[in-house]
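The lines below spell out each chain.
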Amino acid sequence: MSAAPLLKVDKLVKHFPVKGGLLKREVGRVQAVDGVSFELAKGETLGVVGESGCGKSTTGRCILRLIEPTSGEVTFEGKSVTGAGKEELRALARDMQIIFQDPYASLNPRMTVSAIIGEALTIHKLTKTKAEYDARIVELLETVGLSADHMRRYPHEFSGGQRQRIGIARALAVNPKLIICDEAVSALDVSIQAQVINLLEDLQAQFGLTYMFIAHDLSVVEHISDRVAVMYLGRIVEIASAADLYTAPRHPYTEALLSAVPIPDPQVKRKRIMLQGDVPSPLNPPTGCHFHTRCSIAQKGLCDVQRPELKVVAGSGNGHQVACHLRS
Amino acid sequence: MPLLDIQGLKTHFKTDDGWLHAVDGVDIAIEKGETVCVVGESGCGKSVTAKTVMKLIDMPPGKIVAGRVLWKGRDLVPLGPEEMQKIRAKEIAIVFQEPMTSLNPVFTVGDQISESVRLHEGLSKKAALERAIEMLKLVNIPTPDKRVNDYPHQFSGGMRQRVMIAIALACSPQLLIADEPTTALDVTIQAQILELMQDLKERLGMAVMLITHAMGVVAEVAQRVVVMYAGQVVEEAPVEALFARPRHPYTQGLIRSIPRIDTAATAAGHRQRLEAIPGTVPKLVAPKAGCRFAARCRFAQPSCTTADPPLREISPGHKVACFLAESTS
Chain U
1 MSAAPLLKVD KLVKHFPVKG GLLKREVGRV QAVDGVSFEL AKGETLGVVG
51 ESGCGKSTTG RCILRLIEPT SGEVTFEGKS VTGAGKEELR ALARDMQIIF
101 QDPYASLNPR MTVSAIIGEA LTIHKLTKTK AEYDARIVEL LETVGLSADH
151 MRRYPHEFSG GQRQRIGIAR ALAVNPKLII CDEAVSALDV SIQAQVINLL
201 EDLQAQFGLT YMFIAHDLSV VEHISDRVAV MYLGRIVEIA SAADLYTAPR
251 HPYTEALLSA VPIPDPQVKR KRIMLQGDVP SPLNPPTGCH FHTRCSIAQK
301 GLCDVQRPEL KVVAGSGNGH QVACHLRS
Chain H
329 MPLLDIQGLK THFKTDDGWL HAVDGVDIAI EKGETVCVVG ESGCGKSVTA
379 KTVMKLIDMP PGKIVAGRVL WKGRDLVPLG PEEMQKIRAK EIAIVFQEPM
429 TSLNPVFTVG DQISESVRLH EGLSKKAALE RAIEMLKLVN IPTPDKRVND
479 YPHQFSGGMR QRVMIAIALA CSPQLLIADE PTTALDVTIQ AQILELMQDL
529 KERLGMAVML ITHAMGVVAE VAQRVVVMYA GQVVEEAPVE ALFARPRHPY
579 TQGLIRSIPR IDTAATAAGH RQRLEAIPGT VPKLVAPKAG CRFAARCRFA
629 QPSCTTADPP LREISPGHKV ACFLAESTS
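In order, the protein sequences belong to chains U and H. Under my numbering, the first sequence has 44 at position 44, and the numbering climbs by one with no breaks. In short: position in the second sequence from 1, add 328, done, that's my numbering.
Heads up, some of the hints might be wrong.
[Claimed, not checked] Taking lysine-lysine and the PhoX-like style, the derived pairs with C-alpha atoms no more than 25 angstroms apart in a straight line are:
hint, chain 1, residue 1, chain 2, residue 2
1, H, K360, H, K529
2, U, K8, U, K42
3, U, K8, U, K86
4, H, K529, U, K269
5, H, K454, H, K414
6, U, K271, H, K529
[Claimed, not checked] Pair ranges (Cβ atoms, derived):
hint, chain 1, residue 1, chain 2, residue 2, range
7, U, Q267, H, E419, 30 to 38 angstroms
8, U, S281, H, R626, 46 to 54 angstroms
9, H, T511, U, S281, 19 to 27 angstroms
I should point out that these hints are in silico values taken from the structure, not numbers from a laboratory. In this text, a Cβ means the ideal position worked out from N, Cα and C, and glycines have one as well.
Take these sequences, add in the hints, and give me the full structure.
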């Protein structure tokens, strides 16, 4: 990428201590995020996929410091997020917003839609008068496909899809540059999911937004993303343009993951790479390459010893990176 | 005679706002050894239909208002709890979505698998435990002779779903109802479970009624598909016909609104806009006359809102409940 990235994440690590025993001493560490690095250019959508417990949501939350990272560096427009003090962080929060998965749990049931969407307007003192505030709320509601008469209502009066629109309006209120969508459409029915995906794409075109789109649904991620990162047990194993990743995956885990996606066409019969067993516990991840215990091509003495770093695939030209000793 | 023949089933629930028509005139027939997928979005009545077959609906607030559930020709609707108990697990078994909550945390999985075989087949404790080990082996759980003494929390999500399937299959039922069995699981684990179910179905020759919202899963496992919307069946067809030529505008929308990873657009790297279905599912309290999809349908005519479209056969084995099916597909 030629221009300076909007967001730069460097060797991000988050370990959660596990306490046990009589004295509540630390007995282990859940290595949720284990050295994640990537860059995000302005206006692009980076999809982050992986199975439960791979650390994709924790990564998103560490970037916003909703969870304090253990180590690593996050830089937004050249300003350090990880080093920011309380006031600086509040200012950065205007530029970086998040939309959560559960539209039923992420909206305060006792607040009106107007109060939910406008909370950040008040905190950041973005509107001066009540009239200005109301006008902005109406504008936001209309932007996400709701109407002005929704502003005095409460979250329980809305369907799941409408609630997710309220969540999007709340994120948009402060005119952010980056929105982290954490499983933002996963809880929605397919017909409603399509409405919200289309809305997110429209908003991106309209406001030049940058998205980090975290999801477990590989088809949705492929649809919305310019580039996609695949995570496994706290690490990025592969990152590439959506087209490259889905048509020419390099990492054995990416291959298996893609082959497991059911295709909605009974005529299509694909060869499935069946992974054996479950994802190992992040409390005690395998040595070397985290995937070597389930990998069909793993080499003894190499993959179980040495951690593979993300490397640019030779001849890929557009930054297709893979963390595999045998496929780079 | 079909194995299971649901005829004109209506299951309603009493709510503060009035009677909720969750299942409102559903006909589904399943032949011996057949896999039928029932697909639809939240609140379309697919799960309530399955639970009504098993008589697992709390009554009140639920009520079977009309219809028959013929199991090998015998109507299950009037049966009492004791008679249903003889059919449940032994002849028809059910697997639920939540592998985390549908197992009893205080009993070993061995106890839970052997419970139904001891009840239905009167096996001794020792023989039942041996059956449990055999069942765990059948669902590919490693070292079954050791795992049989483990508690549910010692199993992962995918493993628990295997245990649930082992419980369901312990008495060799002729019909397995699987209600969103893979929805809570990751894709690689989902692939394992679907393959296991297919394999077991072929080996044991049972019929499967799979309830799901995922069209990808339908394409993968179904022989015949029933599409439900707002408490009614809107389309029914063999799986190839349904995907090749969906006739109901709702089915068409459902298939087109899902992004796919295998299309040409992926390789070319440019995005196509998804075809969303506008609006939301109607309220099922005192539903209005006419087609329930009319308000969201781009083909709807004034006549669609005056009368209910009947489910009619449009080509051999392909049924659709739409007045305009000839002109819209």
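Taking the hints in turn, this is what the structure says about them:
Under the criterion of a C-alpha separation no larger than 25 angstroms, the hint pairing K360 (chain H) with K529 (chain H) is consistent with the structure, at around 11 angstroms. A threshold of 25 angstroms between alpha carbons decides the hint, and for K8 (chain U) with K42 (chain U) the separation of about 11 angstroms falls inside it, so the pair holds. Note on K8 (chain U) and K86 (chain U): the hinted pairing holds, with a Cα-Cα distance of about 20 angstroms set against a maximum of 25 angstroms. With a C-alpha separation of about 19 angstroms, the suggested pair K529 (chain H) and K269 (chain U) falls inside the 25 angstroms cut-off, and the hint holds.
Simply put, K454 (chain H) and K414 (chain H) have alpha-carbon atoms about 22 angstroms apart, close enough for the 25 angstroms limit, and the pair holds. Between K271 (chain U) and K529 (chain H), the direct Cα distance comes to roughly 20 angstroms. Compliance with the 25 angstroms bound is thereby established for this hinted pair. At about 35 angstroms, the beta-carbon gap between Q267 (chain U) and E419 (chain H) stays in the expected band of 30 to 38 angstroms. Taking the beta carbon of each, S281 (chain U) and R626 (chain H) are about 50 angstroms apart, inside 46 to 54 angstroms as hinted.
Between T511 (chain H) and S281 (chain U) the beta carbon distance is about 23 angstroms. The supplied range of 19 to 27 angstroms therefore holds.
Going down the numbered hints, you'll see the structure goes against none, and every one checks out.
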